[in-house]
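Listed in order, the protein sequences are those of chains Y and E. The first sequence begins at 1 in UniProt numbering and counts up by one. The second sequence begins at 1 in UniProt numbering and counts up by one.
Treat the hints with caution; some may be incorrect.
Which copy is meant is left open, so a pair is good if it fits within one copy or across any two.
Below, simulated BS3-like cross-link-like pairs (lysine-lysine); rule was C-alpha separation at most 30 Å, straight line [claimed, not checked]: (1) K305 - K25; (2) K170 - K286; (3) K405 - K324; (4) K405 - K115; (5) K45 - K305.
Hint data in this document are derived by calculation from the structure and do not stem from the laboratory.
Chain by chain, the residues:
There are 2 protein chains.
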Amino acid sequence: MAFRGSPLLVILLMLVAIALSAEAKVRYYRFHIAYQYMSPDCFQKLTVTINGQSPGPDIVAEQGDTVVVEVNNGLLNESTAIHWHGIRQIGTPWSDGTEGVTQCPIAPGETFVYKFVVDRAGTYIYHAHYGMQKSAGLYGMIKVAVPEGAVEPFSYDDDRSIIVNDWWHKSTYEQAAGLSSIPFVFVGEPQSLLINGRGRFNCSSLPSTTEVCNLTNPGCSPSVFTVVPGKTYRFRIACITSLSSLNFGFEGHNMTVVEADGHYVKPFVVENLNLYSGETYSVIVKADQDPSRNYWASINVVARKPSTATGTAILNYYPNPPSKLPPTTPPAGPQWDDTIVRFNQSTAIRAHPDHVVPPPTTSDRTILLLNTQNTVDGHTRWALNNVSSTLPHIPYLIALTNNMKDVFDSKPPPESYDYRSYDIQSIPSNPNATSSSSIYRLDFDSTVDVILQNANTLNPNNSETHPWHLHGHDFWVLGYGMGKFDPSVDVASFNLVDPIQKNTVPLHPYGWTALRFRADNPGVWAFHCHIESHFFMGMGVVFEEGVEKVGSLPDAIMGCGESKRLRRP
Amino acid sequence: MAFRGSPLLVILLMLVAIALSAEAKVRYYRFHIAYQYMSPDCFQKLTVTINGQSPGPDIVAEQGDTVVVEVNNGLLNESTAIHWHGIRQIGTPWSDGTEGVTQCPIAPGETFVYKFVVDRAGTYIYHAHYGMQKSAGLYGMIKVAVPEGAVEPFSYDDDRSIIVNDWWHKSTYEQAAGLSSIPFVFVGEPQSLLINGRGRFNCSSLPSTTEVCNLTNPGCSPSVFTVVPGKTYRFRIACITSLSSLNFGFEGHNMTVVEADGHYVKPFVVENLNLYSGETYSVIVKADQDPSRNYWASINVVARKPSTATGTAILNYYPNPPSKLPPTTPPAGPQWDDTIVRFNQSTAIRAHPDHVVPPPTTSDRTILLLNTQNTVDGHTRWALNNVSSTLPHIPYLIALTNNMKDVFDSKPPPESYDYRSYDIQSIPSNPNATSSSSIYRLDFDSTVDVILQNANTLNPNNSETHPWHLHGHDFWVLGYGMGKFDPSVDVASFNLVDPIQKNTVPLHPYGWTALRFRADNPGVWAFHCHIESHFFMGMGVVFEEGVEKVGSLPDAIMGCGESKRLRRP
Numbered sequence: 001m002a003f004r005g006s007p008l009l010v011i012l013l014m015l016v017a018i019a020l021s022a023e024a025k026v027r028y029y030r031f032h033i034a035y036q037y038m039s040p041d042c043f044q045k046l047t048v049t050i051n052g053q054s055p056g057p058d059i060v061a062e063q064g065d066t067v068v069v070e071v072n073n074g075l076l077n078e079s080t081a082i083h084w085h086g087i088r089q090i091g092t093p094w095s096d097g098t099e100g101v102t103q104c105p106i107a108p109g110e111t112f113v114y115k116f117v118v119d120r121a122g123t124y125i126y127h128a129h130y131g132m133q134k135s136a137g138l139y140g141m142i143k144v145a146v147p148e149g150a151v152e153p154f155s156y157d158d159d160r161s162i163i164v165n166d167w168w169h170k171s172t173y174e175q176a177a178g179l180s181s182i183p184f185v186f187v188g189e190p191q192s193l194l195i196n197g198r199g200r201f202n203c204s205s206l207p208s209t210t211e212v213c214n215l216t217n218p219g220c221s222p223s224v225f226t227v228v229p230g231k232t233y234r235f236r237i238a239c240i241t242s243l244s245s246l247n248f249g250f251e252g253h254n255m256t257v258v259e260a261d262g263h264y265v266k267p268f269v270v271e272n273l274n275l276y277s278g279e280t281y282s283v284i285v286k287a288d289q290d291p292s293r294n295y296w297a298s299i300n301v302v303a304r305k306p307s308t309a310t311g312t313a314i315l316n317y318y319p320n321p322p323s324k325l326p327p328t329t330p331p332a333g334p335q336w337d338d339t340i341v342r343f344n345q346s347t348a349i350r351a352h353p354d355h356v357v358p359p360p361t362t363s364d365r366t367i368l369l370l371n372t373q374n375t376v377d378g379h380t381r382w383a384l385n386n387v388s389s390t391l392p393h394i395p396y397l398i399a400l401t402n403n404m405k406d407v408f409d410s411k412p413p414p415e416s417y418d419y420r421s422y423d424i425q426s427i428p429s430n431p432n433a434t435s436s437s438s439i440y441r442l443d444f445d446s447t448v449d450v451i452l453q454n455a456n457t458l459n460p461n462n463s464e465t466h467p468w469h470l471h472g473h474d475f476w477v478l479g480y481g482m483g484k485f486d487p488s489v490d491v492a493s494f495n496l497v498d499p500i501q502k503n504t505v506p507l508h509p510y511g512w513t514a515l516r517f518r519a520d521n522p523g524v525w526a527f528h529c530h531i532e533s534h535f536f537m538g539m540g541v542v543f544e545e546g547v548e549k550v551g552s553l554p555d556a557i558m559g560c561g562e563s564k565r566l567r568r569p
Numbered sequence: 001m002a003f004r005g006s007p008l009l010v011i012l013l014m015l016v017a018i019a020l021s022a023e024a025k026v027r028y029y030r031f032h033i034a035y036q037y038m039s040p041d042c043f044q045k046l047t048v049t050i051n052g053q054s055p056g057p058d059i060v061a062e063q064g065d066t067v068v069v070e071v072n073n074g075l076l077n078e079s080t081a082i083h084w085h086g087i088r089q090i091g092t093p094w095s096d097g098t099e100g101v102t103q104c105p106i107a108p109g110e111t112f113v114y115k116f117v118v119d120r121a122g123t124y125i126y127h128a129h130y131g132m133q134k135s136a137g138l139y140g141m142i143k144v145a146v147p148e149g150a151v152e153p154f155s156y157d158d159d160r161s162i163i164v165n166d167w168w169h170k171s172t173y174e175q176a177a178g179l180s181s182i183p184f185v186f187v188g189e190p191q192s193l194l195i196n197g198r199g200r201f202n203c204s205s206l207p208s209t210t211e212v213c214n215l216t217n218p219g220c221s222p223s224v225f226t227v228v229p230g231k232t233y234r235f236r237i238a239c240i241t242s243l244s245s246l247n248f249g250f251e252g253h254n255m256t257v258v259e260a261d262g263h264y265v266k267p268f269v270v271e272n273l274n275l276y277s278g279e280t281y282s283v284i285v286k287a288d289q290d291p292s293r294n295y296w297a298s299i300n301v302v303a304r305k306p307s308t309a310t311g312t313a314i315l316n317y318y319p320n321p322p323s324k325l326p327p328t329t330p331p332a333g334p335q336w337d338d339t340i341v342r343f344n345q346s347t348a349i350r351a352h353p354d355h356v357v358p359p360p361t362t363s364d365r366t367i368l369l370l371n372t373q374n375t376v377d378g379h380t381r382w383a384l385n386n387v388s389s390t391l392p393h394i395p396y397l398i399a400l401t402n403n404m405k406d407v408f409d410s411k412p413p414p415e416s417y418d419y420r421s422y423d424i425q426s427i428p429s430n431p432n433a434t435s436s437s438s439i440y441r442l443d444f445d446s447t448v449d450v451i452l453q454n455a456n457t458l459n460p461n462n463s464e465t466h467p468w469h470l471h472g473h474d475f476w477v478l479g480y481g482m483g484k485f486d487p488s489v490d491v492a493s494f495n496l497v498d499p500i501q502k503n504t505v506p507l508h509p510y511g512w513t514a515l516r517f518r519a520d521n522p523g524v525w526a527f528h529c530h531i532e533s534h535f536f537m538g539m540g541v542v543f544e545e546g547v548e549k550v551g552s553l554p555d556a557i558m559g560c561g562e563s564k565r566l567r568r569p
């Protein structure tokens with residue numbers, strides 16, 4: 001390469017180039033979404049893939065980078081939208097990818113460009129946020145590294161990524177049709193559990209031998225994590241199940257939990273780790289066991305009575321062949337119904353002492369949300385304070401910034417429920433709920449507490465586990481309790497010292513979970529149970545804050561219903 | 001009811017009301033499109049339904065009426081569009097319902113209003129024209145009566161309607177994924193044939209007894225046509241198969257063919273009638289057989305080697321119980337591969353002597369279309385003159401009336417092929433074709449001949465039957481031939497005396513079919529093979545004529561891609 005011009009100018013230009021390279025980068029991805037036959041658990045099924053894969057490609061960036069994802073919808077008849085789970089979308093609320101809340105769906109054949117800054121290092125997820133497409137295979141991992149020179153409060157030699165999922169053989173259309181039916185038809189427990197998109201269905205359980213189930217299909221050979229004896233590894237673990245809470249463990253290896261949802265954790269050691277849909281963790285594992293063999297990595301269903309086989313992968317001690325199966329039985333995990341074990345893990349997760357971000361000491365508003373299973377017009381639904389969520393076809397973000405009346409119910413949803421008299425241990429005495437598209441409008445920059453209160457479902461002696469996920473924010477986890485939250489007593493127990501910040505948190509059976517967040521991110525944000533079918537059946541609310549501060553919306557998010565008119569010529 | 005005002009005014013108003021009621025009416029329908037489990041052939045399958053039914057409700061109107069259909073898309077993630085097959089949409093080209101050609105698809109949750117005049121009595125069909133939704137169950141019948149006082153050239157005591165279809169147990173998603181795969185994966189022959197949405201799958205052929213296949217399900221009890229001995233009936237018959245050509249017959253009863261695609265036929269008597277996808281007929285049947293028993297109505301696959309059981313319904317002689325099965329075997333129809341029989345039926349269909357509409361004696365342009373199976377970039381496709389059709393995501397009608405460049409390929413597609421040297425009896429020597437979105441632009445009000453030329457597929461000694469359907473027009477059927485069309489010889493054989501007008505016509509194996517139409521309907525019109533998978537794989541062309549005469553397009557057809565911008569605020 002020959003330079004023209006003065007040597008000084010050349011040197012100056014080179015210095016500028018070096019300076020820029022240390023600056024934030026733009027990470028560019030192209031996602032082509034299409035149906036494709038895959039056999040993730042050896043059973044052939046039509047899968048929604050990204051660039052021919054499920055899970056899709058990892059998005060890898062460094063804190064402060066801008067990520068640009070050009071999503072081309074190659075589905076035949078279906079629209080889509082992708083949510084960047086855990087990314088707060090500060091300044092880009094239109095890139096949150098939540099159909100009905102922040103954007104119109106991306107029509108077949110169209111391309112939509114998501115562009116957002118990953119402002120905090122950590123482990124995140126992306127997944128479809130439209131219909132039940134997440135469950136059909138549209139998901140993947142986001143890994144954001146610390147900026148060059150920054151030091152994390154733990155060390156490791158190398159890192160590995162794990163994304164776990166549950167999997168059904170029935171299509172999401174069939175599942176959704178069942179959920180909408182009267183009487184409600186549930187698809188049942190998953191056929192298999194997947195680690196990095198691979199599981200193993202017992203083909204011989206099928207009524208006849210069939211070419212659609214083939215245990216020798218290389219597409220369902222187990223995932224392998226190769227480690228070098230004596231080295232230390234960071235495993236980034238993301239849980240993107242549609243239904244199941246899972247327990248993850250490496251046979252014979254303890255794990256030190258160091259990160260949760262992008263925040264540093266006060267390290268604690270576990271033999272196995274409970275994972276709720278939408279959560280991410282990093283754990284440190286030392287390859288310090290007998291190096292002459294391989295070990296199992298395993299996932300087991302907890303919090304629901306399992307009828308799905310343990311999901312397995314191979315922890316491969318180099319130089320053993322990856323295909324060499326461990327001589328043992330994969331860990332079975334804890335008792336599925338030992339709520340105390342899971343409760344205790346939840347309360348063990350605190351902010352790392354060097355990374356505590358203290359919460360505001362008081363809140364301006366408390367929203368108490370009773371989680372119940374209900375019926376609306378004969379349909380089985382989930383409701384918060386007896387209101388079951390329905391999303392409008394014109395997204396709130398568009399409706400609110402364009403003063404479109406009648407798009408959604410403007411009556412505010414209830415702030416609380418009759419907590420003095422409601423019996424959370426019993427089937428609702430009146431199971432009827434109402435459907436509404438109403439939203440909570442929060443004062444900008446105010447501090448909001450949300451208390452999630454669990455209760456009995458429509459079945460006797462049953463209360464389910466709900467992983468709640470908040471868009472656009474991290475919240476402080478102020479506490480968990482068993483039984484009914486009593487404002488006059490339980491507020492005093494809040495941890496204001498070292499609460500972890502998270503974006504997803506479990507609500508345990510018959511228990512409560514208390515969160516606090518600052519309503520400081522202009523936009524409209526979903527807060528919902530991350531179980532695909534529960535959200536589909538109305539288990540969510542929507543928060544608006546500072547929507548008047550949201551600048552001009554990109555044309556590209558418009559395009560449904562009357563919002564077509566808003567696009568500028 | 002009390003009238004105020006002068007008695008004279010009241011009488012005058014009443015007279016006006018009576019006069020108006022004799023005028024054209026508006027027929028208003030509401031279609032709610034949704035997935036629902038149905039068991040049309042006793043096997044439970046997720047079906048696209050209209051108001052909970054498949055087939056959907058009959059649309060019934062009188063010639064000159066305006067039909068308004070408010071289509072609400074209740075599918076979860078999928079868009080839709082409905083075509084009114086056989087309705088020419090004179091003055092309303094935007095209501096043709098052809099996604100990619102005349103409108104953007106109707107997004108989930110949205111409502112689109114089709115409004116059109118049914119300007120000619122006859123039997124027509126409606127069906128989805130998007131993806132493969134027609135095959136998933138979205139179809140029904142349109143019956144347009146003659147105006148009050150008008151006399152048809154045949155008489156009958158009562159009428160009955162029959163719509164026949166083929167049915168698969170695999171979802172259309174699975175079918176489409178197979179068609180798009182390399183190598184091409186074909187779903188195979190249908191599992192059953194349906195008469196008015198009811199068939200009978202042999203559940204015992206399944207590998208195990210399963211609750212999803214239940215022969216006692218009332219949803220798959222056979223369709224019944226009750227007749228009174230001695231009376232004469234008009235049977236309106238519509239064929240909406242996705243693949244199969246069918247042969248229809250009533251056991252022991254001849255049929256007199258009197259209408260085809262809305263045009264009166266010079267009556268001819270048949271024992272059974274070949275039906276191609278997209279065709280409609282009326283036949284006259286006298287209930288003149290032994291009245292002590294019932295008879296079979298049956299459909300059998302022709303033109304492809306059948307592996308699907310005969311589809312049956314009951315011709316019920318009153319007062320025999322409808323459930324009383326005939327003591328006989330249902331008619332098996334003619335030999336499936338007897339092309340001559342089907343060719344002869346095609347040539348027998350002429351215009352009724354009192355209803356001949358003479359065609360223009362010459363044409364201004366002849367387009368000769370070689371029908372071949374090809375490969376494009378490794379994909380199996382169908383092509384016309386080696387061009388395989390792809391539809392743009394912004395419909396032609398919108399692009400052409402708004403001068404949107406780059407939406408489609410503006411290079412004209414080929415007018416002909418090398419008919420002197422091409423060997424139609426052999427596999428294409430070069431099977432490679434190209435894909436294109438190019439269209440034929442026709443001079444307004446000109447007369448156009450189209451010669452469809454069949455040929456060998458990619459398999460040796462195989463030429464398939466293709467039912468070709470033209471939107472926006474009826475064409476005159478000038479002739480059929482076996483072998484290769486020779487312009488210097490075969491034009492002389494054209495029937496210019498009494499050709500029938502139709503909108504759908506078969507192209508027989510290794511044969512040709514000649515059509516003539518006037519390009520006098522301003523708009524953009526698809527012309528394609530009506531086999532769902534063939535059209536999906538590129539077997540179609542598009543005609544534009546007088547698009548500059550199309551008035552202002554309704555906003556509602558906009559909404560995809562850049563056409564969002566065209567909606568008026």
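Taking the hints in turn, this is what the structure says about them:
1. K305 - K25: Intra 46 Å, inter 61 Å, cutoff 30 Å: neither.
2. K170 - K286: neither (39 Å within a copy, 48 Å between copies)
3. K405 - K324: For K405 and K324, the Cα distance exceeds 30 Å both inside one copy (63 Å) and across copies (60 Å).
4. K405 - K115: The answer is both: 29 Å in one copy and 28 Å across copies each meet 30 Å.
5. K45 - K305: both (25 Å within a copy, 29 Å between copies)
Checked against the numbered hints above, the structure violates hints 1, 2, 3; every other hint is satisfied.
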